[in-house]
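> First to last, the sequence lines map onto chains Y and H.
Per the numbering used here, the very first residue in the first sequence carries number 1; after that it's consecutive.
Per the numbering used here, the very first residue in the second sequence carries number 1; after that it's consecutive.
Everything labelled a hint here was simulated from the structure, so no lab data went into it.
Where hints are given, some of them may not hold.
[To be verified] In silico DSS-like pairs for lysine-lysine, Cα to Cα no more than 30 Å straight-line:
#: 1; chain 1: Y; residue 1: K319; chain 2: H; residue 2: K68
#: 2; chain 1: H; residue 1: K44; chain 2: Y; residue 2: K263
#: 3; chain 1: H; residue 1: K56; chain 2: Y; residue 2: K319
#: 4; chain 1: H; residue 1: K322; chain 2: H; residue 2: K428
#: 5; chain 1: H; residue 1: K135; chain 2: H; residue 2: K104
[Claimed, not checked] So the derived label-pair ranges between C-beta atoms look like this:
#: 6; chain 1: Y; residue 1: V195; chain 2: H; residue 2: E167; range: 49 to 55 Å
#: 7; chain 1: H; residue 1: K478; chain 2: Y; residue 2: G106; range: 52 to 58 Å
#: 8; chain 1: Y; residue 1: A186; chain 2: H; residue 2: A559; range: 36 to 42 Å
#: 9; chain 1: H; residue 1: R486; chain 2: Y; residue 2: A186; range: 53 to 59 Å
#: 10; chain 1: Y; residue 1: R299; chain 2: H; residue 2: L501; range: 43 to 49 Å
#: 11; chain 1: H; residue 1: R174; chain 2: Y; residue 2: V195; range: 54 to 60 Å
#: 12; chain 1: H; residue 1: R486; chain 2: Y; residue 2: A209; range: 22 to 28 Å
#: 13; chain 1: Y; residue 1: R166; chain 2: H; residue 2: R634; range: 37 to 43 Å
C-beta atoms are modelled at their ideal positions from N, C-alpha and C, and glycine is treated no differently.
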Amino acid sequence: MVRICTVLVILWFGGAWPAMAQEQRVVLLESMDVPAVRAHGQWFGKSLQALAAADGLPYRLETLQAQGDWARAEHLLQSALAADRPAVVVANATLAAKTADRLLKGTGIPLVFMTVSDPVGAGLIDAIGVAGGRNVTGIVHTIHRETRINLLLRLVGEAVPHRPVRIGFVHSTYPSAVGDLRELRAAAQGREDVVFVPFQVEYRTVSEALPVMLDEVRMGVRQLEGQVDFWWEPSGPLGESNEYTRLLLDHSQHPIAMGLKAKSVAMGALMHLSPNEQSTGHDAAMLTIAILKGADAGRIPAQPPEKFDLGINLTAALKAGLVVPPDLLALAGTNVYR
Amino acid sequence: MKLQTKISLAILPLVAAVIVALGAWSIFIATRGIEEVTYRAVVKELSDYFDGQIVKNHELLVTHDLAKIPSYAQRYQQEAIQAADRLTHFKTGNLTIVDTATQKILYGRARLVKDPAEWRSVLEKVRRLDGAYAKGRWVSSSGPQIYVGRHFAPWQWTLIYAVSAQELEAPGARIRNATLVAAGICGLACFVMLFWILHRSVVRPVVRLKEAAAAIAAMQPVEAIGVRSNDELGALARDMEQMARAIQGYRDDKEHWQKALEAQIEARTNDLRQLNNALQKEIRDRQRANAELRANELALNVALELKQDSEERFRAIFESTKDSIMVWGANLQCLYANEAAIRTVGGTRDQVVGRGMHEGLSHRPDMMRTWIERVRRVFDAEAPLAVEDVTLVGDRTIYSESVLSPIRDLHGRVFAVGAVYRDVTARKEMERQIAETLALNEVIVSASTMGIAAYDADGNCVLANEAMASMLGAVREKLLAQNFNRIASWQATGLLEQARLVLADGGERHQELFTTSSFDKQVWLQCVLSRFHRSGRPHLLVVADDIAQRRRMQAELEARNLALEESNKELDDFAYIASHDLREPLRGIANYAGFLMEDYADRLDDDGREKLETLVRLCRREDSLIDALLEYSRVGRTELVLEAVDLNMVLGQVLDRIGHLIADAAIEVRIPEALPTVRCDRVRISEVYFNLITNAVKYNDKEHKWVEIGYQMTDNRTDGSSGAAHSGGRSAGPVLYVRDNGVGIQERHYDRIFSIFQRLHARDKFGGGIGAGLTIVKKIVERHNGKIWVASEYGQGTTFFFTLAESGP
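With the rest of the complex left out, here is chain Y:
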């Protein structure tokens, strides 16, 4: 129903758009240069270009790179707002979205977010799938944690038959990572087949202090090594970084059961399940185009993604002595690494 309403709103403003219009300014604020954020940003740019060309809609896209720094994100966006009033601000990932949400309050400038796994916990919206009326909408970067846990246990459940599977979760204090753990624990509550063993490190600006964070992660891996069977990569910049994946693979005897990104599976993680990057970028571009045509962002509900990618590393599974069930292998399609 929500999707139908959204499509209707988009079609309505699509049909009502006058033939001639002035060039409108779109500001894209990206949290940091990590694979998922980068891919979503690129697909967003491509889709926005194609959709705007099809509608004859002139626009100008400015991209701001916060490099994982809250202060930098605020400074860049403040400068952009001072220069000229943008028609819409698109925030890529939680850091950018929270900063933009704060600076755009009371300005009337609509905000579209993407690559935000917990927009409710971040205070951007009140609920997923419900129009909030606050001039904020976007594409939620999440998959039900219970779905991910069930899918993972289909793969690794047989390896630990007589007790709960213990999954190590080394994460930073970045909001989406904390929200990820909260959701996972809520999903695992009352279950007897899985338990999450967390270790938290202080979040620091990725571009400057990733090595420091990785040192603390290394300490966490060492501390949890004897207490877990598998690892789970957290949402947020730490889980997005390849260095984090490499560290887990090199410093632990236990495999990464659930990677955050496709690259993790390519590097050696057993599987990953994440929203389709192209679909996410395209959906965010559609929302942006609708707002440029006059739609009220406050009346468009934030939506979960429509398409997902499942990746499986067969080599890792064989090494761990796991048999990938045929339905999972079929579901992965071409995203099987051997």
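Chain Y is already provided as a structure; the job is to place chain H on it using the hints.
For chain H alone, kept in the frame of chain Y given last:
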């Protein structure tokens, strides 16, 4: 047999023959091709499973190069086999999967046909048709079956899917049966319809004609016969109806003339009846008028009596009131004055009533002028006048209120003025005192260092002093604009709920709270909430005290106590570890000294042996010291086992334990009364008594020695003598004591005796000892949150008092 029955029986065979022919044709059309469709359905179900599970899993294995990995190959084949459980399209369907390489049955029943040769033949037939579906029939133990088969070469699997032919042919049979039932129903319907037509067209019209003829013959009216057909029966019916109407016409004319005559008689009778009624009504009206006339006369008499009675009653009321009432006429003549008025004016009734105002008030000229002017104003304005007067009579100030009112006659004209005069001096005095009291209260509230605020029952602030405003970081005006129902901090701290309870039941409530006020100031407050009434409505009074400094001091004190406890524990741990570790080498030294004494005593001279003996003695002493230290640290480390303990039993056990000491010292043990039962650690308290009683026995040089064990119930600290020393504190429970008539302790040593390894006498005097007993006793008592102190008179005796905080049983 009736006519329609005969005709129906003649037509029935024809109808039956036609229906049978139609049924046979329907069965032929409906069942043709069902078997072919059934074959397709069975093949479809098998092919869905074959392609969706077996082929797909095999392709996955091949695509990802997993076919040669046994675990994967077995798992994928197993998954395919398990998926066969989901074949549910046909109830009687049976799938058998055979590994043709090993002839092993992987799934399903071993054999579906009785004849093994036929089974092998079917398998071979299916295998040869690799890539296509084989079809056929066989007869199994459960009856004829239709089967389809398929061979999967990569896994050498042959799949046979058999379905009961009966189940497949059941739809055809159901169609045939349904057709027969439908044909039977159609035949029956035709028969009923034919019967109904004959009955309606022939039999019923004849019956109705017969009934009409009978009615006409009996001279009864016949309106319609009910036969409207256009045939001969219908024409006959219409003629008979015409005949019946003609007969009825004659009868109707006769009845009409008879009714007209009766109507004329009835009309004449009604006229006579109306004349009679009018006459009776006139008689009743005259009687009623006479009765009303008599009633009016009686009412007039009663009214006159009531008027006279009312005047007397009002006069009595006026005379008895304390207010002064006077009435003046238009010529300012006093028409009436009650007793109070005559007293106020002064003089007698004759000097006032019936006289003019100039005359009656001649002795009060100021009053006369004022009142004449007022009475004239009321006459002129024809409206009431209210006035207040302040009159100085001697040294007294008289306050009064008066109301002058015009008095009108029956025509509304003012013919007199009445005045009511009231002395309100007492009320004015009371109002002044209340105003002064309120002003004093306001000064007290303003000057108070306690925060004071008041709220009405709706929550609106009606009073707040500067102290309250200062505590909350606001100005008074902002506080007065608040409503406590909308103050977030009241809601968060529960103060709102308390306030509502106080307003509801009037009980006073106290609450300490830490909160951030509406004006962003963090405060620690102690609030007292109470209810008072103002203008008859309940109000809430809040008195607040800023206790931030007190809370800070409490927190500091708690932190220091915690640190002290930690420090004490660390000290205990250190003592335990140190004494434990010291003991091992000490025992080694003692043992080796003993070996030297045993093995080399004859080679040492006297000086050497003496030194060696000294070494052994010192080792033993050191061992005793370490024992004491260990015991002391153990008291501080081990958890207490608190329970209700009968101290009489504990004392009995201790006395048994030191019975030989008591006997050797010939000391009298006194127990004045049974000891109480207290909540404590049984073992530790027995150590307390052991040490105290042992000391009493040891340190006694009297000829007649005694020791007394008892207790006192008191709220206050117990002093044994003027020189008592104590560790402070009060106890609400029993104060236990051990008293002796021994050597006593000098007051300057009161604190020293509780220090470890401190002795007041030479080492070997009074039986020796290492000086740890009282230290351990003090530690045990303090572990029970109790206190111990000593009272002594040097040379006369000593009393050790102690309390246990856990004193109730």
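> A separate judgement is required for each hint: does it hold in the structure or not?
Status of each hint after checking the structure:
no. : hint                          : in the structure
1   : K319(Y) / K68(H)              : holds, 16 Å
2   : K44(H) / K263(Y)              : violated, 42 Å
3   : K56(H) / K319(Y)              : holds, 24 Å
4   : K322(H) / K428(H)             : holds, 17 Å
5   : K135(H) / K104(H)             : holds, 22 Å
6   : V195(Y) / E167(H): 49 to 55 Å : holds, 50 Å
7   : K478(H) / G106(Y): 52 to 58 Å : violated, 26 Å
8   : A186(Y) / A559(H): 36 to 42 Å : holds, 38 Å
9   : R486(H) / A186(Y): 53 to 59 Å : violated, 35 Å
10  : R299(Y) / L501(H): 43 to 49 Å : holds, 46 Å
11  : R174(H) / V195(Y): 54 to 60 Å : holds, 57 Å
12  : R486(H) / A209(Y): 22 to 28 Å : violated, 46 Å
13  : R166(Y) / R634(H): 37 to 43 Å : holds, 42 Å
Going through the hint list in order, the structure does not satisfy hints 2, 7, 9, 12.
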